[in-house]
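Kindly produce the complete structure, drawing on both the sequences and the hints.
Protein chains in written order, with our numbering: chain A, 1 to 382; chain B, 1 to 280.
Simulated from the structure, these hints should not be mistaken for lab results.
Please read all numbers here as calculations on a predicted model, not as lab measurements.
You can take every hint at face value.
Derived contacts from chain B toward chain A, CB cut-off under 10 Å, selection only:
#1 Asp-53
#2 Ser-97
#3 Ala-216
We put the beta carbon where it would ideally sit given N, CA and C, even for glycine.
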Amino acid sequence: MPVDRLLPTPEARDLIELTRDIADRELAPVAAEHEADGRFPRDAFRTLGRAGLLSLPFDPEYGGGGQPYEVYLQVLEEVAARWAGVAVGMSVHALSCYPVAAFGTEEQRGELLPRLLEGDLLGAYCLSEPQAGSDVSAIRTRAEKDAEGFTVTGTKAWISHGGQADSYTLFARTSDDPRHGLSCFVVDPTAVSGLSFGAPERKMGLNGSHTTTVNWDGVRVPTERLVGAEGQGMQIALSALDSGRLGIGAVAVGVAQAALDEAVAYAGQRRQFGKAIIDHQGLGFMLADMAAAVESARATVLSAARRRDAGLPFSQQASIAKLVATDAAMRVTTDAVQVLGGYGYTRDFPVERYMREAKVMQIFEGTNQIQRLVISRHLARG
Amino acid sequence: MVVPACRDGRAHSVREVGLFPMKIVVCVKQVPDTESEKALRPEDLTLDREAVDAVMNEMDEFAVEEALQLAERTGGEVTVLLMGPEQGADTIRKALSMGADRALHVVDDALRGSDAVATSAVLAAALREVGFDLVLLGCEASDARTSLVPAMLAERLGLPQLTFAQKVETDGTEITVERLTDYGHDVVTARLPALVSVVEKINEPRYPTFKGIMAAKKKPVRTLDLSDLELDATEVGAAGAWSAVDDFTVRPPRAAGELVKDEGEGGRQLVAFLAGRKLV
Ligand SMILES: Cc1cc2nc3c(=O)[nH]c(=O)nc-3n(C[C@H](O)[C@H](O)[C@H](O)COP(=O)(O)OP(=O)(O)OC[C@H]3O[C@@H](n4cnc5c(N)ncnc54)[C@H](O)[C@@H]3O)c2cc1C
Ligand SMILES: Cc1cc2nc3c(=O)[nH]c(=O)nc-3n(C[C@H](O)[C@H](O)[C@H](O)COP(=O)(O)OP(=O)(O)OC[C@H]3O[C@@H](n4cnc5c(N)ncnc54)[C@H](O)[C@@H]3O)c2cc1C
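In structure tokens form, the structure reads like this:
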């Protein structure tokens with residue numbers, strides 16, 4: 001059963017229908033295969049881009065769809081329910097576009113955004129380093145300034161779309177100032193030398209999405225590719241993450257919904273002790289808890305999105321949404337495996353994949369411990 | 001430049017090649033989603049359309065795509081024509097968001113229960129009203145599946161009918177199609193105006209785009225009822241139907257197949273099974 005959504009406009013309804021159509025016909029049939037083989041679906045992003053689905057939350061002046069986050073996140077959720085890896089990719093892509101869209105100059109926006117938003121170029125977001133995960137202030141990658149621009153040296157870790165992307169949004173150190181030491185750049189990998197990529201990490205899940213180290217060995221970046229002011233990097237990174245967390249929250253809801261749907265369908269068919277297992281109260285209640293978790297996670301994510309759409313502060317709510325939705329996804333996908341019993345534990349059914357996919361959502365874009373840190377700091381500040 | 005003779009005597013637009021864009025009308029039906037369970041309404045044995053999701057007849061997506069491609073190649077313009085209740089507007093919007101330019105929606109309560117004869121009468125009247133050089137249809141609607149509408153419509157309008165097309169070429173004066181047959185295909189040529197029904201092999205329908213969805217909101221959709229078309233309510237709908245469904249039986253559930261396990265005798269058993277049904 002498709003999710004019965006409350007959408008603000010007729011075009012939002014058409015958009016959701018278009019998303020389901022493309023996701024059902026182009027993504028769902030090949031998802032399991034790509035995940036099993038670790039094959040990156042570059043074409044999927046072109047298809048989504050051509051349909052305009054990568055452009056939704058951005059300014060129409062630069063090729064964006066001008067859609068509210070409330071709508072964009074539900075599109076993302078629909079994609080995630082078919083293929084989490086591609087939905088994560090959409091979210092990372094949006095994250096990589098955000099600094100230019102929100103802090104870039106007129107020229108940078110005009111030059112980069114249209115091609116990124118139509119999926120011609122795929123973006124990556126280079127923040128984490130081997131020694132700097134949760135603690136962004138430990139970033140060591142340096143951008144040394146001279147007359148013509150910057151020379152970047154260092155190693156970025158865990159970069160989604162590493163080696164596949166056409167545009168790398170980079171955060172590097174331009175001074176040792178604890179608050180204003182980072183700067184943001186956008187780098188075209190075909191225009192530079194000294195950029196190289198590690199082999200894709202051998203991950204528990206999301207194997208269709210390649211995650212690699214990105215090595216910067218004296219890479220020359222011209223001054224025009226500095227985004228925002230020198231030293232503004234930390235502010236840009238954190239502000240991008242607030243929106244990115246909403247994206248991951250929506251992806252988690254989609255995965256949880258897919259697991260719930262699979263579990264309910266199975267429980268209606270599988271018979272034990274003379275009746276469908278859904279009619280055993282112990283199991284029926286488990287499904288009820290799963291449904292409650294999915295619905296409340298969705299409500300939390302969309303409520304934070306509506307704050308963003310209304311121009312209200314939403315950083316705390318975005319952290320709450322990410323925490324609630326990804327924890328819900330972990331629980332729901334784990335329970336879905338339980339509902340399918342031994343079959344759930346095999347790769348012949350998709351629920352074990354959902355469980356592996358849900359796990360990483362508690363880790364990236366700020367671990368769920370870091371979300372609690374953000375929330376508690378907001379509480380302390382009052 | 002070939003300038004075709006005026007095509008008078010018929011109510012369609014008179015056009016000279018290169019002077020006016022080719023006017024293509026594509027007939028699109030809204031049908032219950034093929035994936036959902038369908039049921040007949042007990043009171044009149046017509047399809048219960050409220051109970052199920054309504055979508056564009058899949059074959060008509062191919063007709064819309066072909067219309068758009070022909071319009072792109074020849075510089076034409078595409079009008080969508082749909083007869084159906086209010087909610088048909090969703091299907092019209094889909095065709096417009098794929099790229100069609102405008103639409104005509106025939107809505108009238110009296111149309112409920114129309115058979116193929118009545119449907120073709122209404123579509124013919126609407127086509128006379130808008131004018132056309134080329135009419136495109138799907139070759140079959142997935143709900144009633146009579147495949148009668150294209151032929152009936154061509155007869156009513158006195159048009160050459162080129163049905164089951166798997167390929168269409170036109171220079172704006174003549175139209176040539178590859179007509180799918182059991183043994184391959186025929187090549188059929190006619191002068192425009194003409195009517196073509198298409199099969200799924202013809203193309204790969206495009207997805208709408210977000211930009212298309214936004215543009216569709218601003219495209220003109222004209223709504224007509226029976227009086228606008230000067231049709232009499234007694235000629236259409238259940239009242240005017242030449243045929244009616246008297247009774248029906250639910251399709252029997254599929255019986256379990258016979259499993260042949262090969263324990264050395266598998267081949268023989270298979271042949272015996274087929275021979276028993278006179279298949280070998
Ligand atoms: C599949 C995948 C894709 C990724 N994609 C990207 C990407 O595209 N771009 C990018 O920049 N990064 C990306 N990352 C990196 C990701 O954001 C980091 O892995 C994450 O921020 C955690 O950092 P870490 O792995 O170094 O863990 P650590 O920071 O070392 O954390 C280890 C553990 O300690 C806990 N911990 C740390 N600090 C505290 C504290 N103060 N209080 C309580 N607990 C704490 C953490 O919650 C965690 O449980 C990706 C990671 C993965 C797995
Ligand atoms: C179970 C059932 C049984 C029926 N039995 C009969 C019957 O025995 N005899 C009978 O005459 N009718 C019958 N009908 C009614 C049937 O719905 C109409 O005949 C129908 O309007 C036209 O026929 P079709 O759907 O078979 O179209 P087809 O001829 O299969 O459709 C071909 C093409 O015509 C176009 N088209 C068809 N309808 C429309 C429309 N409303 N608006 C725009 N374009 C359209 C589309 O391009 C379509 O692809 C039955 C309906 C049902 C549900």
